[in-house]
Amino acid sequence: MLGFPVPYPEELIYSVVARARTHSGITSPKQLLDEIFENRKVTATVDLPSHLTAISNQYPESLSLTAHSLMYNHTLFPLYAPFIDEQRRQNCMNWMALQSNGRAHLALGINASVVKRSQFLRYCPQCFNEQVQRHGERFWERMWQLPYANWCVKHSTPLYAFSIVPHHEHRHLFYAADVTTEDRLLGEYEIESLRIGQFATQLMQIKPQESPTYFQWDCFYHELLVDAGCKYGKKVKHDEVLQRIRSLWREEWLSYVKLTLTQSDTCWARTILRKHRKSFSFIQHFIIQSCLLSKDIPLSEVLEKVRSYPKYKRISQVIHYINQKDKSNRERWFWLLKELGCKQARLCGSQDLYMWLYRHDYEWLMRINKRYQRTITYEDKRVNWQQRDRALVRGLFRLLHGFDEVLDAPRLSSTYLLSQLGLGTLSAKQYRKLPLTAAFLSKYSESIYQYQIRRLTRQYIDLLQRHIKIERWKLLRCAGLSEERLQPLTQSFLSGILEGKWTTTDLSTSPKMP
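Numbering (the UniProt record's numbering), first residue to last: 1 to 514.
Don't take every hint at face value.
Quick list of simulated restraints, FRET-style, between CB atoms [what the hints assert, rightly or not]:
1. His167 - Thr53: 55 to 61 Å
2. Lys235 - Asp352: 18 to 24 Å
3. Val383 - Gly341: 27 to 33 Å
4. Lys41 - Gly233: 32 to 38 Å
5. Gly102 - His360: 26 to 32 Å
6. Leu400 - Lys311: 54 to 60 Å
7. Lys235 - Glu182: 34 to 40 Å
8. Gly341 - Arg250: 46 to 52 Å
9. Lys258 - Glu61: 41 to 47 Å
10. Val132 - Gln387: 50 to 56 Å
11. Gln263 - Arg388: 57 to 63 Å
12. Gln133 - Gln198: 23 to 29 Å
13. Lys258 - Phe397: 33 to 39 Å
Since the hints were derived computationally from the structure, they do not count as laboratory data. The beta-carbon is built from N, C-alpha and C at its ideal position, and this holds for glycine as well.
The whole structure should be built from the sequences, with the hints applied where relevant.
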């Protein structure tokens, strides 16, 4: 694409594409995707966009705007990179450079995290004014889009939430930075927001580097606990850690960010101090570090300290001598396994036997348990799927009847119909549990060729009522279509109404898509 804009400092890739749309005057989102990515299916993603190689190819090599530099300087990827293992970091970088299909968000734990990303684009009015004075236009800065950071770090003023929600209906549309009368002021939790923003600023400034392993994070937090006096032998004084967190962070704010402190063993403040088996968000790491560190240490020094530990735990091979007691315990556990299975054998009063084997004969225990492990069928009874299925179908029928005579409605695809009921895209697993809904969407959702025919019909009636001569090019232009995008059935319909040439077309050439 000629004249593709160069990103400003701290500007999101999402904003760069939105400015390209404004500069070029392209109104069609799909045409813009064709021009930049040569792919009409690219989704407008704010935090972790993909196809960054296509963006970097727009610039000359002298600017050094590679896919990796764009990733670290113009996306929110640096917020997550230090807290995942190196293999996952490399995979995410490859996906973002080429095609992600949501895998980056899944691998970074964003989809399952209790710390949710913001649904709205946010901005600082004072920063907007400075951008206009310096650059002559507005753009979206990535520091405004941090989760739960509702204040501008630079001006210490509350941010505003842009009234238009990305991905809500038009997931291929990039919205340029702007101000509307419906924008909402975000003034909650000034102190906590500024602290989170300052920590994230340090994260954003870190250069690309190898991620620490989970074992290195384990060692780092173990040393912090010892230095803070929150560890007695091998036991962590979790109550004292929780008390330290409460002294620095308000309970209402912790509840606001979904990080409520509880006495449960599954509380995040406990699991992050155990052996790391998953990644935690940067906010969770910051809260723990702030309450355990004796003084403020730059994040670069913290990461350097974490990397100084061994990458992996040293594995020592223990040669176990089997005596008569070992054999008898093995036999007892073996017969319990054959009769009850692994889990039930452990719960039927043989906990002492299990713990003895776990401590003294661990390798044999794991090997034999795996051999006799029984599949447990879990039935999810939290949702009455039959009732929900019937309610959804009734709602979809009412919705569809409202569009009976509305020719200028958007395409009535499965995604659009579900969004009108406040739902997102259904997964394959949910479709299997909602057979009536799946059958309705399969039968009544509008395919691409049906939508094109409806647009042509609307324009044909409009031109006819205004007594304007109907020509093929004029009909296509008024309907917003082109010859290249016409489906075979649409071409047959168009030839029929203009030339009277009705032909038989195979329906399989124009499949229904969501």
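A quick look at each hint next to the structure:
Between His167 and Thr53 the Cβ separation comes to about 23 Å, which falls outside the hinted range of 55 to 61 Å. Taken as a hint, the range 18 to 24 Å holds for the pair Lys235 and Asp352, whose Cβ atoms sit roughly 21 Å apart. A C-beta distance of roughly 28 Å is found between Val383 and Gly341, which places it inside the suggested range of 27 to 33 Å. A hinted range of 32 to 38 Å for the beta carbons of Lys41 and Gly233 is inconsistent with their spacing of about 56 Å.
Between Gly102 and His360 the beta carbon distance is about 46 Å. The supplied range of 26 to 32 Å is therefore violated. Between Leu400 and Lys311 the C-beta distance comes to about 58 Å, which sits within the given range of 54 to 60 Å. Range check, Lys235 to Glu182: Cβ separation about 53 Å, and the 34 to 40 Å hint is violated. A hinted range of 46 to 52 Å for the beta carbons of Gly341 and Arg250 is consistent with their spacing of about 47 Å.
Our hint of 41 to 47 Å for Lys258 and Glu61 holds, since their Cβ atoms are close to 44 Å apart. The hinted range of 50 to 56 Å is satisfied by Val132 and Gln387, whose Cβ atoms lie roughly 54 Å apart. Taking 57 to 63 Å as the suggested C-beta distance range, the pair Gln263 and Arg388 does not conform, at roughly 34 Å. In this structure, Gln133 and Gln198 meet the distance hint of 23 to 29 Å, their C-beta atoms being roughly 25 Å apart.
Here the CB-CB span from Lys258 to Phe397 is close to 36 Å, well matched to the stated 33 to 39 Å.
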